[in-house]
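A.B. asks: Sequence:
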Amino acid sequence: MFESSFIITIINGHISSSNMFGKTILCIIFVLLLAITYSIFIGSVDLRSSFFPMLLPPSSSAANATCASPLRVYMYDLPRRFNVGMIDRQSPDDLPVTSDNLPPWPKNWGLKQQHSVEYWLMASLLHGGDGEEREAVRVLDPETAEAFFVPFFSSLSFNTHGHTMTDPATEIDHQLQIDLLDILRKSKYWQRSGGRDHVIPMTHPNAFRFLREQVNASILIVADFGRYSRSMSNLTKDVVSPYVHVVESFADDDIPDPFENRTTLLFFRGNTVRKDEGIVRAKLAKILVGYNDVLYERSLATTKSIHESTQGMRSSKFCLHPAGDTPSSCRLFDAIVSHCVPVIVSDRIELPFEVEIDYSQFSVFFSVKEAIQPGYMVDQLRKIPKEKWMEMWRHLKNISPHYEFQYPPKKEDAANMLWRQVKHKLPNVELAIHRQKRLKVPDWWGRRRRR
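When the letters of the sequence shown are read in order and numbered with the numbering used here, they come out as residues 1 to 451.
Watch out, some of these pointers could steer you wrong.
[Said to hold, decoys possible] Restricting the straight-line Cα-Cα distance to at most 27 Å, the calculated cross-link-like pairs of lysine-lysine (BS3-like) are:
(1) Lys-425 with Lys-411
(2) Lys-283 with Lys-383
(3) Lys-286 with Lys-304
[To be verified] Simulated DEER-style distance windows between Cβ atoms:
(4) Met-232 with Gln-191: 34 to 42 Å
(5) Asp-347 with Val-273: 18 to 26 Å
(6) Ser-299 with Ile-384: 47 to 55 Å
(7) Gln-436 with Asp-347: 52 to 60 Å
(8) Pro-106 with Glu-387: 39 to 47 Å
If you're looking for bench data, these hints aren't it; they were derived computationally from the structure.
Since this is a predicted model, take the numbers as computed values, not measurements.
We put the CB at the ideal spot given by N, CA and C, even for glycine.
Using the sequences and the hints, build the whole thing.
C.D. replies: Following this line, the structure appears as structure tokens:
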């Protein structure tokens with residue numbers, strides 16, 4: 001009897017242990033299922049990689065590799081009169097421009113240099129260096145191109161052919177624009193996209209002034225939007241370029257205490273008589289007098305004044321950038337390469353590379369209304385502590401290479417930065433081209449929004 005009871009007890013204990021073990025296993029399985037379900041829900045586990053690999057999006061490394069590949073650009077082979085023929089007048093007009101015969105930009109051309117972006121973009125495509133260091137490479141087969149570059153030096157044409165706008169030589173500029181449009185309209189690649197995937201530099205506010213409305217669908221490289229209507233040029237399709245700085249870059253800015261060594265608080269030297277928003281310069285001239293550490297001088301652009309501006313910016317903590325005839329001017333980029341913290345007074349300025357660069361990290365901004373309040377701007381600048389200024393100065397040193405135009409081009413320099421901005425515009429270009437092919441009522445969306 002005792003033996004039977006003992007056996008039954010053992011059996012019951014075994015069954016009880018088995019039940020407990022089974023419950024434990026079930027609990028573990030339940031917790032695992034719950035954890036997996038939650039991970040799938042929040043996205044940290046993706047079972048598609050094991051069971052449905054074709055449903056996976058491209059990996060980030062593959063996407064980055066695609067984004068990192070250079071932009072393929074076809075450059076029109078225009079007669080030299082449209083571009084370098086304005087620099088080198090000796091070579092035959094039909095001689096193709098190559099890296100071997102590209103004339104250097106003249107060092108004695110003064111302010112013409114500030115609008116020479118068109119030259120440096122063309123030069124960057126002619127350079128046959130390492131493609132991995134470049135944002136754009138030239139392709140000779142237009143069928144393989146993602147974008148088309150039009151190497152017409154429209155800014156230099158304006159400066160060369162009657163920049164007074166009344167000179168008879170202005171007709172040369174006009175005729176070049178007529179001839180260029182004739183070439184483009186005969187191109188099947190222009191016809192295919194309506195010019196939307198074509199890149200045309202026009203950084204001078206009067207560049208391409210006769211016929212610019214006829215290229216308004218293209219990606220324009222502009223310094224600002226001061227002289228363009230909204231239908232002509234805008235941030236959605238166009239690229240804002242820096243001016244080419246005219247002062248020398250501050251290459252050896254390695255003094256131990258730049259804050260104390262830069263004894264001038266605020267520096268400006270330039271033309272104080274301007275049109276449009278630039279009238280603020282005359283107002284600033286009146287309210288910035290009487291300060292021992294503020295230098296605000298009127299001067300014209302000469303070799304001597306450019307040298308004086310170079311020294312003035314390098315010895316100043318802040319450099320004033322009021323609007324000119326248009327919202328921007330070369331002075332901002334002169335300040336950047338001089339590592340002088342820009343003080344920007346312009347209500348309608350747009351800045352280059354702003355999708356990548358945060359200007360508030362190394363610049364100070366005032367509205368025109370704030371700037372013309374007597375004493376306000378100077379008081380605000382004095383309140384910026386040394387530590388904050390040093391931080392902005394270090395940012396300037398880090399980002400200033402992005403504003404260098406040079407040949408041969410270098411990684412992350414201004415030309416490469418511009419080509420990267422062009423690449424950002426291309427998805428919208430493709431959208432516009434595809435929509436245009438199927439629309440029966442052109443621009444119905446724009447007319448709908450105007451109602």
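A.B. asks: Work down the list of hints and note, for each, if the structure agrees.
C.D. replies: Consistency of the hints with the structure:
Between Lys-425 and Lys-411, the direct Cα distance comes to roughly 20 Å. Compliance with the 27 Å bound is thereby established for this hinted pair. Of the pairs offered as hints, the one joining Lys-283 and Lys-383 holds, with about 23 Å between alpha carbons and a cut-off of 27 Å not exceeded. Using a Cα cut-off of 27 Å, the hinted pair Lys-286 and Lys-304 holds, with the two alpha carbons roughly 25 Å apart. The hinted range of 34 to 42 Å is not satisfied by Met-232 and Gln-191, whose Cβ atoms lie roughly 21 Å apart.
Taking the beta carbon of each, Asp-347 and Val-273 are about 20 Å apart, inside 18 to 26 Å as hinted. Range check, Ser-299 to Ile-384: about 27 Å between beta-carbon atoms, so the 47 to 55 Å window is missed. Taking 52 to 60 Å as the suggested C-beta distance range, the pair Gln-436 and Asp-347 does not conform, at roughly 35 Å. A C-beta distance of roughly 43 Å is found between Pro-106 and Glu-387, which places it inside the suggested range of 39 to 47 Å.
In this structure, the hints that do not hold are numbers 4, 6 and 7, in rising order.
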